[in-house]
Amino acid sequence: MRILGYCAQMVLLLCAATARAGEAPPGTHASYELGLGYRLGDSGFTLGGYAEAAYRDADGDTPWRASLEALSALLWWDGADRWRFLMELELDDALVLEPGGSTADEATPVLERFHVDYAYRDPLKLRLGKFLTPIGRWNVIHAAPLTWTTSRPLITEATFPTNATGAMLYGVLPWGADGIEYALYASPGEELFAAKDVDTFREAFGLRTAAALLPHAQVGVSFATFEQESTPERKTLYGLDFLWAWRRFELSGEAAYRVRDFGEDQADERGHYLQAVAPLSGRLFAVLRYEGFHEIDAGRDLNLYLGGLTWRPRPALALKAEYAQATDNDIGVRDGLRASIAVLF
Amino acid sequence: MYIRVLICALLCTLLAPLARAAEPVLAVIVHPATDTGDVDGGALALIYKRRRLLWNDGSRIQPVNLPADHPLRRRFSRAVLHRTPEGMDDYWNEQYFQGVLPPYVLASETAVLRFVADTAGAVGYVAHCAVDGGVRVLMLVDHGGQILPPDALRPVCP
Numbered sequence: 002m003r004i005l006g007y008c009a010q011m012v013l014l015l016c017a018a019t020a021r022a023g024e025a026p027p028g029t030h031a032s033y034e035l036g037l038g039y040r041l042g043d044s045g046f047t048l049g050g051y052a053e054a055a056y057r058d059a060d061g062d063t064p065w066r067a068s069l070e071a072l073s074a075l076l077w078w079d080g081a082d083r084w085r086f087l088m089e090l091e092l093d094d095a096l097v098l099e100p101g102g103s104t105a106d107e108a109t110p111v112l113e114r115f116h117v118d119y120a121y122r123d124p125l126k127l128r129l130g131k132f133l134t135p136i137g138r139w140n141v142i143h144a145a146p147l148t149w150t151t152s153r154p155l156i157t158e159a160t161f162p163t164n165a166t167g168a169m170l171y172g173v174l175p176w177g178a179d180g181i182e183y184a185l186y187a188s189p190g191e192e193l194f195a196a197k198d199v200d201t202f203r204e205a206f207g208l209r210t211a212a213a214l215l216p217h218a219q220v221g222v223s224f225a226t227f228e229q230e231s232t233p234e235r236k237t238l239y240g241l242d243f244l245w246a247w248r249r250f251e252l253s254g255e256a257a258y259r260v261r262d263f264g265e266d267q268a269d270e271r272g273h274y275l276q277a278v279a280p281l282s283g284r285l286f287a288v289l290r291y292e293g294f295h296e297i298d299a300g301r302d303l304n305l306y307l308g309g310l311t312w313r314p315r316p317a318l319a320l321k322a323e324y325a326q327a328t329d330n331d332i333g334v335r336d337g338l339r340a341s342i343a344v345l346f
Numbered sequence: 002m003y004i005r006v007l008i009c010a011l012l013c014t015l016l017a018p019l020a021r022a023a024e025p026v027l028a029v030i031v032h033p034a035t036d037t038g039d040v041d042g043g044a045l046a047l048i049y050k051r052r053r054l055l056w057n058d059g060s061r062i063q064p065v066n067l068p069a070d071h072p073l074r075r076r077f078s079r080a081v082l083h084r085t086p087e088g089m090d091d092y093w094n095e096q097y098f099q100g101v102l103p104p105y106v107l108a109s110e111t112a113v114l115r116f117v118a119d120t121a122g123a124v125g126y127v128a129h130c131a132v133d134g135g136v137r138v139l140m141l142v143d144h145g146g147q148i149l150p151p152d153a154l155r156p157v158c159p
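Those sequence lines, one after another, are chains A and B.
According to the working numbering, the first sequence is numbered sequentially starting from 2.
According to the working numbering, the second sequence is numbered sequentially starting from 2.
All clues stand as given, with none of them false.
Derived, one-sided and incomplete: chain B residues facing chain A with beta-carbon distance under 10 angstroms:
| # | residue |
| --- | --- |
| 1 | Ala46 |
| 2 | Leu47 |
| 3 | Arg52 |
| 4 | Gly59 |
| 5 | Glu87 |
| 6 | Gly88 |
| 7 | Asp91 |
| 8 | Phe98 |
| 9 | Gly100 |
| 10 | Pro103 |
Since the hints were derived computationally from the structure, they do not count as laboratory data.
Model, not experiment: these values are computed from the prediction.
Where is the CB? At the ideal position from N, CA and C, for every residue including glycine.
Take these sequences, add in the hints, and give me the full structure.
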């Protein structure tokens, strides 16, 4: 952990010492645009982020709960050549409002990402540090302004640690209309600034690849084998995801199947979701989602049905409201009404 | 009344191809010293989506755009990226979350020509007719959105 801390300091010093971006057009000064961050002139640094304020009803003993769910700061540096650096620091539950009053005591800072990238070639880039685990589509683009619903499908966060610290080879292979993306990663554990109450990787190896196999459609395949800190038995996860987007209609889904590598009964958690989005007017969209989830040791498979509306008055701004109903809910998944406003800034 | 409408419709149908032909051929231009290697329409799309960052010689690609409401930008976007500039909003939101920004936007064709001529690794697009000796033409985009080799058409200036 200490070594990674020193590495982090070295990265920042390196960026500061060599701070110069790609050749910015003349007259490019510090500038801000909603959804595009604050470019610090031609230094190569950009500062941005996103925020989400959310409401949900009937949360445990309280009839409702509103919170500043996430306040996330992004800082990245894009050099003139092959080096890049990105950091994301998030403050969860910065402010919580409940019928009894408000509190900021639940505020939790989380280092979501901290990595340095080196591009040897476009098909071969190296990433070192803490990154989002490349399993499925949702986890790597989970920011609230980018998603259609306030709640997140269970299989996109319950079946694997959402962050990994280690090394990743990734890139775009120049085959097909949109190229073929791949990410091959390894983590020796030692999570960089691990969040509390998160069962991080003890060791992990994985691969994800995605390609546009059909017009308007992308299909991805994920594989990971890992051990977690609190449950050291090795698990293997197989994932499949797809996105079809055509004229503002969208159909997407993911499926994950996890097995234990030892023991008599190797079946473990598994689940899937299917989500459809359709435009109702220029900026208003209807969202429908079905989820199925089998938690380890649960007697029955959970089913979750969700319907909602999302209004996007600007590309960087999303207002969402949804109602979810769970059946066979032996694992206490929250359903009911949720709403949120999210902005990329 | 009906006859007038019919005549109008007939004239519009006949003149539409002529109007489209009046649109300038686009020239995709690069800095003359750039070792681009083989670049086709697909590779150009990867460049303008910032999924391809490096030229053959390892130098950084510096793509520039015209403003989103510029007629040449709209034609370029439809022909190369197969979407309007607005249709790319969701894509750029996702890329922003990964620390990737869209290409710089320059205000005019003159600015694009000047930037590409002065900047190693730069790539942009202007009307074929506007190309000068300071840049090299990489490919052409004709009236119908077809990608053509740089010497496939001679510039026709009004």
